[in-house]
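Engineer: So you can see what is in the structure, the chains are spelled out below.
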Amino acid sequence: MQEMVIEAGHAERNYWHDIWRYRELFWFLAWRDILVRYKQTALGVGWALLQPFLTMVVFTIVFGRVAKLPSNGVPYPILVFAGLLPWQFVSRALSESSMSLITNTNLISKVYFPRLIVPAGSVVVSLVDFLISFALLAVLMAWYQFWPGVRMLALIPLIPAAVLAATGPGLLISALNVRFRDFRYIVPFIVQLGVYISPVGFSSDVIPDKWRLLYSLNPLVGVIDLFRWAITGSTLYVPSLVISAVVIVLLLVIGIWYFRRTERTFADII
Amino acid sequence: MNAAIVVEALGKRYSITQSGRQPYSTLRDTIASGVKRGVRTSAVKKAEVDFWALQDVSFTIGQGDVLGIIGRNGAGKSTLLKLLSRITEPTTGKIRIRGRVASLLEVGTGFHPELTGRENIFLNGAILGMSRREIVSRFDEIVDFAEVEQFLDTPVKRYSSGMYVRLAFAVAANLDPEVLIVDEVLAVGDSQFQRKCLGKMKDFSTSEGRTVLFVSHSMASVRALCTRALWLDHGRVRMEGSSLDVIRGYLETSMEGGETTRSLETVKRLPGQGERLMITRVTLNDGESVQHGEPLRVRIDYELRDAVADVAFGVGFSSPEGVRMMSLDSDLESERRNLGGPHTGSVTLMLPVLRLQPGRYALDVAARSGDNVSLDYLPACAWIDVLPGPTTPAVIIRETGGVREPAQWHWDGDASPESGAI
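Here the protein sequences come in this chain order: W and R. For the first sequence, my numbering begins at 1213 and goes up steadily by one. For the second sequence, my numbering begins at 39 and goes up steadily by one.
Here are the simulated lysine to aspartate or glutamate pairs, DMTMM-like style, with alpha carbons at most 25 Å apart: (1) W:1322 with W:1215; (2) W:1322 with R:94; (3) R:234 with R:246; (4) R:132 with W:1230; (5) R:306 with R:344; (6) R:234 with R:103; (7) R:306 with W:1480; (8) W:1322 with R:313; (9) W:1251 with R:152.
With beta-carbon atoms standing in for the labels, derived distance ranges: (10) R:195 with W:1481: 26 to 32 Å; (11) W:1477 with R:443: 54 to 60 Å; (12) R:381 with W:1405: 49 to 55 Å.
Worth flagging that the hints you see were computed from the coordinates, not collected in a lab. All C-beta atoms, glycine included, are put in the ideal place defined by N, C-alpha and C.
The shape of chain W in the complex, shown without the other chains (with noise of 0.2 Å):
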């Protein structure tokens, strides 16, 4: 028979191999976040459309009609579209994750797991959306005829690279929105900042070249150049993608570091 001992400051030992026993609650957890969302919005899987096509098509009017930015002969709409894709993934995940802790107080308080397993399904739910949007990024490839080749398969191990660029900011701040209550406020405000100096609506090929590894330390720039690569076969700075790797993988150690540390006083503090 198992024997556990609960011992003040008595590090975890088998923390990951818990996490791993708990990998079923996570799916679950994070099922029951997909199932409650498409089952409260009347509009369902038609919001995960309707709201990255608006935008895209706000984008496109302002940066590509009005400001009159260079798209190197790709349509833009789908030059917006391949950063709005990883943009509004990353965003989601963040917002989401960043809450997640606090939206499940009751189980916190009420039951032992791993907490790690809360912020990191919030991201696997944003997830959903972001495949949803995929379809419409179809869409638009077939009404500009524009086939970027085998190149988008590129696009696969992607998907985890920007799952990792959200978990670990979101990691820190789910932490960091228990110990500190006035920190929900601040994310609104990041991810609203955010749209604007990622190359979201534009290619990062407009931004100065002494500027541009200053610029690569926002870590959603590799990941965005790399998407629009992969869809546009736009060129790639690789000195700047280097720069966004090292930062994402720094915020994630941060991340699970500070959460690990914080972890055992959330049912204490939340």
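On the provided structure of chain W, position chain R as indicated by the hints.
Structural biologist: Same frame as chain W, now just chain R:
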């Protein structure tokens, strides 16, 4: 004896900041105090008060034991359960548990109102630590136990609270742990279902040799279920031993004696209790003493927030050991009433002759609505002394307890009246 749980010198400290009641802080305050600290060179320390919810708690539970944990509100019972179920970490000490633990600190944790009964069974099962395969294999048993078969595909927000509780308990009852930790979940739901749950828990421990920890305010439940009991008082173990001894010790010191009126507005209740209808005060004999052989009048004042149909009130008297001695329910003698609109009111019951033996009794007061759902339930909310009255015979042996009824006796055989000559 094989120990299932060993607890050594366990302590849990909470820091309460004096500025606010919330345990969490805001970034604004933190930055503000940081700035202040910077301006004045001396460190401005936030006024924090340490509060030990548990201190130096040690005990051992053998495998197959059923331990009842009792104590007043705030004595540390819930904190102890939270530590045992790993929800929060101890500040000092050590806990050793052998076997798989399932803890049930609330009925229906994680139930989502929008999801159907079927979906919630899977979700709740997973939350309580069951695997998908286990849930599938026990699905029919769960549905049977909960008696909700025809509502399986209805969102649980449309369930009556009775059905909701039944479903939630049914999932938990089909868990298969070696150690079960239960917090006061039985006090909700109708009485028939409560009995069913108690029965299930008793089977679980006696026939299957599992270990159970059970927190309750109901001395009757602890007495019925537990072999041993632990009494917590201000975060420390006050007494541990056989459940009968501990319950007796607890009841004898935990309440002020001889009360005849008691305000109940601020008494801490279980979740959901006292929300639609709150019992605000109970008064016996208009505040005069309660005497054996004399009339008893119990007045229950209540405050109604929302119209409720088919309301019944009940009053119970229990012995110090937690055994119910007398029950008075309004729906047995008269019909249930519909209470309309928010108002305050009272119900009064009259008993021409109180037959309870002189002695000390714990008073339970409750209000129920139509489908036996508890509206407000205050177990052992006052401590009543029944005094000998003018007609009480001089010789009454208290230990016989209970109720003395003037019965008719018939003698068959060679028996003659005392006064007659032999």
